[in-house]
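Asks: What follows is each chain in one-letter form.
2 protein chains.
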Amino acid sequence: MDTIKIFSPATVANVSCGFDVLGFCLDSVGDDMIIRKTKSKGITISKIEGYKLPLNPEKNVAGVAGLAILKAAQVTFGFDIEICKRIKPGSGIGSSSASASGTVFAINELLGNPFNKKQLTAFAMKGEAVASGNEHADNIAPGLFGGFTLVKSLNPLEILELPTPKELYATIVHPQIEVKTSEARALLPKTIPLKKGIAQWANVGSLVHGLHTLDYNLISRSLEDNIVEPHRKQLIPYFDEAKSLAIQSGALGVGISGSGPSIFALSQGEIKAKQVAKAFQNVYKNTTIDFKIYVSKINSQGIKTIS
Amino acid sequence: MDTIKIFSPATVANVSCGFDVLGFCLDSVGDDMIIRKTKSKGITISKIEGYKLPLNPEKNVAGVAGLAILKAAQVTFGFDIEICKRIKPGSGIGSSSASASGTVFAINELLGNPFNKKQLTAFAMKGEAVASGNEHADNIAPGLFGGFTLVKSLNPLEILELPTPKELYATIVHPQIEVKTSEARALLPKTIPLKKGIAQWANVGSLVHGLHTLDYNLISRSLEDNIVEPHRKQLIPYFDEAKSLAIQSGALGVGISGSGPSIFALSQGEIKAKQVAKAFQNVYKNTTIDFKIYVSKINSQGIKTIS
Numbered sequence: 001m002d003t004i005k006i007f008s009p010a011t012v013a014n015v016s017c018g019f020d021v022l023g024f025c026l027d028s029v030g031d032d033m034i035i036r037k038t039k040s041k042g043i044t045i046s047k048i049e050g051y052k053l054p055l056n057p058e059k060n061v062a063g064v065a066g067l068a069i070l071k072a073a074q075v076t077f078g079f080d081i082e083i084c085k086r087i088k089p090g091s092g093i094g095s096s097s098a099s100a101s102g103t104v105f106a107i108n109e110l111l112g113n114p115f116n117k118k119q120l121t122a123f124a125m126k127g128e129a130v131a132s133g134n135e136h137a138d139n140i141a142p143g144l145f146g147g148f149t150l151v152k153s154l155n156p157l158e159i160l161e162l163p164t165p166k167e168l169y170a171t172i173v174h175p176q177i178e179v180k181t182s183e184a185r186a187l188l189p190k191t192i193p194l195k196k197g198i199a200q201w202a203n204v205g206s207l208v209h210g211l212h213t214l215d216y217n218l219i220s221r222s223l224e225d226n227i228v229e230p231h232r233k234q235l236i237p238y239f240d241e242a243k244s245l246a247i248q249s250g251a252l253g254v255g256i257s258g259s260g261p262s263i264f265a266l267s268q269g270e271i272k273a274k275q276v277a278k279a280f281q282n283v284y285k286n287t288t289i290d291f292k293i294y295v296s297k298i299n300s301q302g303i304k305t306i307s
Numbered sequence: 001m002d003t004i005k006i007f008s009p010a011t012v013a014n015v016s017c018g019f020d021v022l023g024f025c026l027d028s029v030g031d032d033m034i035i036r037k038t039k040s041k042g043i044t045i046s047k048i049e050g051y052k053l054p055l056n057p058e059k060n061v062a063g064v065a066g067l068a069i070l071k072a073a074q075v076t077f078g079f080d081i082e083i084c085k086r087i088k089p090g091s092g093i094g095s096s097s098a099s100a101s102g103t104v105f106a107i108n109e110l111l112g113n114p115f116n117k118k119q120l121t122a123f124a125m126k127g128e129a130v131a132s133g134n135e136h137a138d139n140i141a142p143g144l145f146g147g148f149t150l151v152k153s154l155n156p157l158e159i160l161e162l163p164t165p166k167e168l169y170a171t172i173v174h175p176q177i178e179v180k181t182s183e184a185r186a187l188l189p190k191t192i193p194l195k196k197g198i199a200q201w202a203n204v205g206s207l208v209h210g211l212h213t214l215d216y217n218l219i220s221r222s223l224e225d226n227i228v229e230p231h232r233k234q235l236i237p238y239f240d241e242a243k244s245l246a247i248q249s250g251a252l253g254v255g256i257s258g259s260g261p262s263i264f265a266l267s268q269g270e271i272k273a274k275q276v277a278k279a280f281q282n283v284y285k286n287t288t289i290d291f292k293i294y295v296s297k298i299n300s301q302g303i304k305t306i307s
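Protein chains in written order, with the UniProt record's numbering: chain A, 1 to 307; chain B, 1 to 307.
Derived from the structure by calculation, the hints contain no laboratory data. These figures come from a predicted structure and were not determined experimentally. Hints should not be assumed to be uniformly reliable.
Any copy, or any two copies together, can satisfy a pair, since identical chains are not distinguished.
To be verified - Quick list of in silico lysine-lysine cross-link-like pairs, BS3-like style, CA-CA up to 25 Å:
id: 1; residue 1: Lys118; residue 2: Lys196
id: 2; residue 1: Lys274; residue 2: Lys233
id: 3; residue 1: Lys233; residue 2: Lys196
id: 4; residue 1: Lys278; residue 2: Lys196
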């Protein structure tokens, strides 16, 4: 096999209380990628459709991730990457991660799977760092492992695969405004009150317990974030209205996806997730902001081989 | 039934990363209590063996807890409490909680169980407040529910019963020094770095996952506390030595029990827990500090009716 076509899904990082550690994988939105073995060593990017991104592999997340896995594999050939991007860069649903994870997944397949998912995560993180300035795994892990993941630690890298209740559906609204990562990061508090920290780790513990026990009401009561959301939501116009209407429409919980501007909601069942989509639509349709909405089950498989 | 004899066990609160929310129940150490129905209304405390504590019910945790459940039950009779205390007050393994929880458990039994465990927790918290100045549930919950518990929130009160892996054993060393609650509380940081908070909620999430998946190694890697332990350990002489020797002897994790001075260790299997007991002994036997050591399985039942 010299060519592989894959679907590399969008992902939601942070997940309210799980700031910097939790993430889950979407199913209905993602990039298509074609990776081909080449005779010449190294990585080339022959084509990126959808959005304008650098073709120079050393300046592209997919390219850097590809170079990282190639370096570890020590092979005498190389790979070409073709990306049909459907996840807008800067949307907050793991656009750069999808390119980085997809690349290492595909190359690993073409190499005969010499690396495990944790190793692939480490390679993809090298790529992710090109986009975000530092290595993190909260979008890469759910893409590569599928379902819900918990990044227990980065050093040493430790990823936990959490259970994914079957009836969980995500609704995403992407208000198409630009949120600069640097701006979102600058809004993060450097210190937090111990009391808020306690509430946050109580919620993380109960969310993990809720995922294990399929307790949708507990999942709902755990999807709270009093630490980061109050700061970052100011970058997302109509966040409060969208959250409030989505909850009224039956969402279990609503929060900022990654560092925004996308907003995610989790619901029990597709019908509710679609009602939440309508709620999001009702909020943004009367504004001047362009937006996209996705309804997706949680993708427990992660990146998929198409052919 | 007019009289009941119960065993109200000691408990470990905080459990490293789970500061203020996690707790578990011990089995081999606790108070014996006898509660008798009386014709006269109200609560009397006829006897407390072991340690000197107020017999005035309004100044005693058991008395106040008893009055709280009586008030809710609206009965025309009352109860007398007799306590054989084996948990030293101020030891950090839930001495006052055991008295409060045991009282409400016993009275509820004698009343024919009109109240559920959550209601009993709320009554016992009234008693606990007499000892600690404010209501908390992190020792009461494991006593009443048994096993591992997570206090998701106090208002509204929400207790989660976590799984208790069968091979988990606790070793407790109680260096018999006085740690004033006010002093232990004054050492708590009011704010914490966001970065440390993230590590803490990652550990709480992974500890809960480890309890669900019976992953003893993950439980071990999750039993970390970089927020409270570094401050409070200075109140416990030889803490670092005890922790380090216990880990060398095979403990999965070691931390401060409650606000100290007791130190707890968790181990996989009784044999290791006993090795850890020896390690604790080796640390304290050459000091001027009196100490007690307990080895106990995790008590998944909680308070037990003896007769």
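Asks: Now, for every hint given, state plainly whether the structure supports it.
Replies: Status of each hint after checking the structure:
no., hint, verdict
1, Lys118 / Lys196, "between (32 Å within a copy, 24 Å between copies)"
2, Lys274 / Lys233, "within (23 Å within a copy, 52 Å between copies)"
3, Lys233 / Lys196, "both (17 Å within a copy, 23 Å between copies)"
4, Lys278 / Lys196, "neither (33 Å within a copy, 39 Å between copies)"
Of the numbered hints given earlier, the model fails hint 4 alone.
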